[in-house]
Structures are given as structure tokens and as C-alpha cells.
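There are 2 protein chains.
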Amino acid sequence: MTQSVPPVDMKFRRHPERGSTDLELAHSVLDEGLVCHVAFELEGQPYIIPMGYGRMGNKVILHGAIASRLLKHLAGGAPCCVSVTLLDGLVLARSQFSHSMNFRSLAIYGACERILDPEDKLTAVEAIVEHLIAGRCADARPSNRKELAATEVLSLELEQFTVKCRSGEPIDKKVDESLPLWAGVIPLRLQAGEPETDELTAPGQRPPEYASHYHRFNRR
Amino acid sequence: MTQSVPPVDMKFRRHPERGSTDLELAHSVLDEGLVCHVAFELEGQPYIIPMGYGRMGNKVILHGAIASRLLKHLAGGAPCCVSVTLLDGLVLARSQFSHSMNFRSLAIYGACERILDPEDKLTAVEAIVEHLIAGRCADARPSNRKELAATEVLSLELEQFTVKCRSGEPIDKKVDESLPLWAGVIPLRLQAGEPETDELTAPGQRPPEYASHYHRFNRR
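From first to last, the protein sequence lines are chains V and R. Numbering-wise (the working numbering), the first sequence opens with residue -17 and increments by one. Numbering-wise (the working numbering), the second sequence opens with residue -17 and increments by one.
Everything labelled a hint here was simulated from the structure, so no lab data went into it. Honestly, I wouldn't trust all of these hints.
Note: identical chains are not told apart, hence a pair may lie in one copy or across any two.
With a cut-off of at most 25 angstroms between alpha-carbon atoms, the simulated BS3-like pairs for lysine-lysine come out as follows [said to hold, decoys possible]:
1. K54 <-> K156
2. K128 <-> K156
3. K146 <-> K41
Here chain V stands alone, though its shape is the one from the complex (with noise of 0.2 angstroms):
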């Protein structure tokens, strides 16, 4: 069902000293973010859905309604890309031109596989609910044998890779590191507000630790 993916070209071109291959740093990404991006291409044009997803080793692992038209596309075996970013920061350079961002992004090449087993799909679809709130399946009723069959559960390895990323102070030209003007950086991280209690939770149930303290690690 896959067809096979040609070889990425993955130089660091620009900024090379922002490039690495570095696997376990491709997992801190995976597993600092919530959303990734998946791109592929369907009849000349480019497509991205954004998703939720989970890790499980060195497989990213997506889902879906079975019945969508693009998740079908995915489940077929077309090339594709899977994006995580992370913004850590704003960098504010004394020139306009060397303003940046830090941040930290993955770019995952490759072509999807379909988990098809109730018990792998079952499990698959946990460490996507683990991914977003740890804890939370441990309470959650776990998705049934109809649930699963409506859902089309996706894995993709990471073996081509990259992921770059900036860190620390603006760099200004020589030229103008003398004008007068402040320059730093303006630190950024996702932050959880207090949970919401829907309308059905009876009155006086508190939420769960993992949803009152909803923090996601921030490592820079």
C-alpha cells in the first residue's frame, strides 16, 4: 500500500548551525507539542490539516474520521510531511532585518502507515489522549470496538528528519551594536488557563490534578 517516498534532500543550506538530526531532540518536540501540520499533495495542490497526534517510540501516530477524503489520501501511502513548531520566543534585534524567532521545529518526510488491529488501534489511540493530558485514560471510557472502526489510525516513523532550531540573544551586525536602542528577547510559552467544568459534571466535582495543573514542559 505504500508507495515508496524518494529520498529527501535534507542540507542545512541556511543557517546550518540551526540544523541537527538529533533524535532525541526530535522527540522533546513531538512531545513538548500539541498540533502538528501534515502536508501532502492531492491532484497538483498542497494540503495541511493540522492535527493532534502521539508518540509511541519513534513513530508519530495520527487519526482521523476513516471516512475522510484526505486521511484516505494519507492512508494510501502518499508522501507526505509531518511539521511540529515550537515557538520559544521573539527576538528583537537594533535592526529591523535581524529580528528572529526562537524556536524549536520538527519536519518528518515520509509516508504513513495504517494500523488496522482493534487491540494496536485501541492502544495507538491512547497514546494520542495520553499525549495531549497524561492521566486522562485512566478515567476516560476508552474508545469501543464501533469507535474504533470509524477511526483510521495512521503511525509514521521518524527516519528522515529534521529539526531546527534558535535559541538565545538577538546577533546584530557589527554596525549596529552601538545605536541606542534595547534589544532582547521576549520569552513565549503555551500557557493553561483554569479548567472549565462543563454543564453535565455534577455541582461541587473539582477537576482532575492533570486538568488543574496543565502544564506542558518547556525546555529552551
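Got chain V sorted already, so can you dock chain R onto it with the hints?
Okay, now just chain R, sitting in the frame of chain V:
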């Protein structure tokens, strides 16, 4: 230079209630986002590049090094998809299957046009800086002729686009509504920390207001 772009099938098949082609909504997603993901195909392989961007009226402004191989491809009028995704919250339902995310996501389909006139380029790169941090252009040194010549600046008109949004409470299946489980939403937003002043800034010089009180609006 611009290739003709095939009309994109933008029918909302899955969750049609989440789909929109409202231009004002599309602009608001662009205005709040900081990073877009740009997808295109090259030699049979889809690529994604995360980029900062700006908006000028109904156009998204992209830029990068003029020597970049991938940017050259975009500048050549390759069909592309530009996506901006704002994550507003995690939606914890009573079943794992009904877990979801609150989000606003824009996908624009088309082909970029090059901005070549130096005055227009200057205006466009300033729009990118101002998009990231309003007020900065009044302080930072503008780009000079040499810097502009080294920068490829592209625009993409919002003609073919879709916006998808989800907001509000979890939607559980009837049969799950009585499960004695906390359910609700964990709101998420991008939060700026204290500005980190760089080493070249004069001792005692305070960050400007736009850095010390940086925030993205969060219209949900």
C-alpha cells in the same frame, strides 16, 4: 511567472458546522497568529516551512533569504498552502473518543507573487516586523538597500481559503453523559514572559512598553 493554480475542493465534508469562508474571521486568525506553516511540493516530496509573516490588507506577506532553494520554488509560483493554527484549549470529554481541541485554523491555497520594487519590499518587511511586535518599526533601524536585495518577499492573496473553528464544551454521546467523571475545557493561550535584555543594551535601559507588556489578543 505564476503558474495557474487549480481550483481547490474546499467543501467541508467532516464537521461542516466548523467550516467557514468568512474573510473577517480569516483576517483575525492571521492577525493573532505568529507563525504560519507553508507547504509545497518539490520533486514529488511535500515540504513544510514554518515562517513568521505579516498581513497587508487581504495579502499574507512571507519572506526569506533570496538564495534559499525552497523560497525560490515558492517565488517561482509553485502551488502552495499556508496554514495558521491557533490552539484555544483541550476538550476533555467523558469518552476518549469525544476528546477534542478548541482551535481556529486557516488554510490558504494559491501561489505566491514576488514583491520586487524596493519601496514595496520595504513596506512589506516592515509589515512583518509590525505583525510580530507592533511599535517596533519606529525604533529599529529600517532595512537598507543591500538587506532588501538579499531578501525575497512574497505575497499570497486570500482568495481560496477555509477557516475551521471549534469552541465550547465537550460534546459527549448521550450514553456517556451520566458517567460520573469531570469533563470540561482547559483553555490555552500563548503567554509572554519578562523580556530578557541582551548584553549590548546600556545598563539601566528598560524594555519598551511593547516588549514589557507584550500580548496577543485572544478572541475566543
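Review point. When no copy is named, should K54 and K156 be tagged within, between, both, or neither for a Cα gap of at most 25 angstroms?
Key: neither (53 angstroms within a copy, 29 angstroms between copies)
Check your understanding: Should K128 paired with K156 be assigned to within, between, both, or neither, using CA atoms and 25 angstroms as the limit?
Key -> Between copies, since 15 angstroms is at most 25 angstroms while 64 angstroms is not.
Exercise for review: Indicate which option fits the pair K146, K41 if close means a Cα-Cα distance not exceeding 25 angstroms: within, between, both or neither.
Suggested key: within (19 angstroms within a copy, 27 angstroms between copies)
Violated hint for the displayed structure: number 1, the only one.
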